[in-house]
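A.B. asks: The chain contents come next:
Number of protein chains: 2
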Amino acid sequence: MIGTDRYITLKRYVLGGCLDSGCFDVRERQIPRPKDGQVLLKALALSADPYMRSRMTGQDNFFLPQYQLGAPIESLGVARVVESRDPNYKEGDLVQGLVEWADYSVWNGRGKLDGGGVLLPLPSGITKISHALGVYGLNGLTALFGILHVARPKPGETLVLSGAAGGVGTIAGQIARIMGARVVGLAGSATKCALLVNQLGFAQALDYRSPTFQNDLETSVPNGADIYFDNVGGQLSQIVMWQMRRQARIIECGQISTYEDPSGGWQVDIRPIHAKGLRWESFTTAHFQELIPGAIAQLKVWVAAGKLSVLETEYHGLESAPRAIIGIMSGGNIGKTVVNLTADAA
Amino acid sequence: MIGTDRYITLKRYVLGGCLDSGCFDVRERQIPRPKDGQVLLKALALSADPYMRSRMTGQDNFFLPQYQLGAPIESLGVARVVESRDPNYKEGDLVQGLVEWADYSVWNGRGKLDGGGVLLPLPSGITKISHALGVYGLNGLTALFGILHVARPKPGETLVLSGAAGGVGTIAGQIARIMGARVVGLAGSATKCALLVNQLGFAQALDYRSPTFQNDLETSVPNGADIYFDNVGGQLSQIVMWQMRRQARIIECGQISTYEDPSGGWQVDIRPIHAKGLRWESFTTAHFQELIPGAIAQLKVWVAAGKLSVLETEYHGLESAPRAIIGIMSGGNIGKTVVNLTADAA
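Quick note, the sequences are listed as chains B and F, same order.
According to our numbering, the first sequence holds residues 18 to 363 in order.
According to our numbering, the second sequence holds residues 18 to 363 in order.
Here chain B stands alone, though its shape is the one from the complex:
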């Protein structure tokens, strides 16, 4: 295919502050050409995820390389094969994997990112393409493995969940509720809190930006939380740790509050852990690769039965993609954040 392609690039790194639209640019290039063993993809939907922010600081971090200024940003996405020079794929195939934030990108057959190095077929029978990125993708799988295999809430236990209105949080909290836990969600606005209780069936939701938050939490978990499922980290998590019962457990799933923090966001004051004999456990979906098929099947059953609601914040068009990541970091989004690039993606 010959023609002009558009892509999103980062113009400058931002460390210790907020991203804004001036950090990004839409540029043009020739549609890239696939070589032998490669595949040309037309993107249908792009995933925007908090971890991407930590690739925009200009500061080496410990898990992923920085995006190159001027080069296309990359993320997980859903795409259609438009030209294949790999016998395993044919024109028209719908696939998911690592793509560029561009109308077209070449999948080069090499792994760049944990779990992103392969093109996978979409899960069968999904009603919306973006669900492959959210509830049946990295977010939903992280939530399921984190709750069922790491947190393992018992019926009646109180699970406090930070980032509760986010892509992982909305699903993690519902799975914990299905397993019989009393779920207390922490989110950044009254609107989000109302939604968590009314639409997702959380027992309670607390606005961590409220001046009375610390008291609200104490009232909500008078005997201390049994489990803290943490997507946020930083100061919020330190407050929660002091409100846990002895020998309670912390499941660290993400640390979004640290991704824009230049100084020691990854420093945790372990005194509450020591004082209360807490257990802290981190995990990623990479630890559970073998369990993905069953996990997707389980999520589908819950969605079909109406037990698991799927929330998305959707952006439309390639040029809206920077706003998607900005929206996540500023706390404006609810559920999975996705960028739909074609009408048939919606």
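These are calculated hints, taken from the structure and not from any lab test.
Be aware that one or more of the hints could be misleading.
Unchecked claim - Short derived list, chain F residues pointing at chain B, Cβ under 7 Å:
no. : residue
1   : V98
2   : E100
3   : S101
Said to hold, decoys possible - So the derived label-pair ranges between C-beta atoms look like this:
no. : chain 1 : residue 1 : chain 2 : residue 2 : range
4   : B       : L32       : F       : K324      : 50 to 56 Å
5   : B       : G33       : F       : R44       : 51 to 57 Å
6   : F       : D42       : B       : G173      : 42 to 48 Å
Remember, it's a predicted structure, so these values are computed and weren't measured experimentally.
Beta carbons are placed, not taken as given, at the ideal position from N, Cα and C, and that holds for glycine.
With chain B held as given, fit chain F onto it using these hints.
C.D. replies: For chain F alone, kept in the frame of chain B given last:
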């Protein structure tokens, strides 16, 4: 009993530096008089433990009050009842519990310290009074619960142990060895390391003060440690965390390196935890109170069978007690540190 009593007191707090003998004083007072419900004790052996250092900083901490300047220091100890105004105790009873660093002290029937609020009989059949404070006391119980109930090493797993030559470490490492783990001890001198391997049967021991330590550790655990049993904390522990396999577990038992540290010794860089999906677990013996009788019985069996060697650094006489805690903090002591006050204690 009427007469003059001697006691050890702290003259000044030291934060951010090392204790020295000028920080302590031996003072005199009248032998205290027990009231109804109280018991007069003659101390036979005093325990010196790292946690005591954190009560000598002058800075509020989160688990125990500061010692009062001019007042007797207190610790766990073994004593004989010399006068009883409590029907539960009679003259001549040998007991253990919280005592003052003095020849005589009054047990006032009220709890001051977790687990120290009661006077307990000595375990039966022990060959040395100080063993009630070490292998059958706080140190041995902490080691046993930490290894058997928290770390739970499987045969063949590699357990890295910091503070390996200390009161808890020497016992924890041996129990892990008995359970089939490959134990790699970390200690602060070549002498200690040789002893851990030759006398206690550790697979390896590494001097963490060696300039080649980081490489030595990497060579010792080429596939990463399965378990890190940590008595030290601080910079040493950060190095170890990066040398663990994915989903390995950290058992935090103590953080001696932080007890003299005025600034952020309790701050842990969680990046290796996040990156490797590690589990961090803290505990104290207080969580396992119900299991103490069986634990002591088990330790006795291992000691009698020659599977568990008991190492002590012994001081003699009340006036030597300050040197006991100074010795612990400067890394000069091996095994349990105890102060024997009478010839019959040895």
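A.B. asks: Would you mind marking each hint as holding or not holding in the structure?
C.D. replies: The hints, checked one at a time:
no.	hint	verdict
1	V98	33 Å, violated
2	E100	37 Å, violated
3	S101	35 Å, violated
4	B:L32 x F:K324: 50 to 56 Å	55 Å, holds
5	B:G33 x F:R44: 51 to 57 Å	54 Å, holds
6	F:D42 x B:G173: 42 to 48 Å	55 Å, violated
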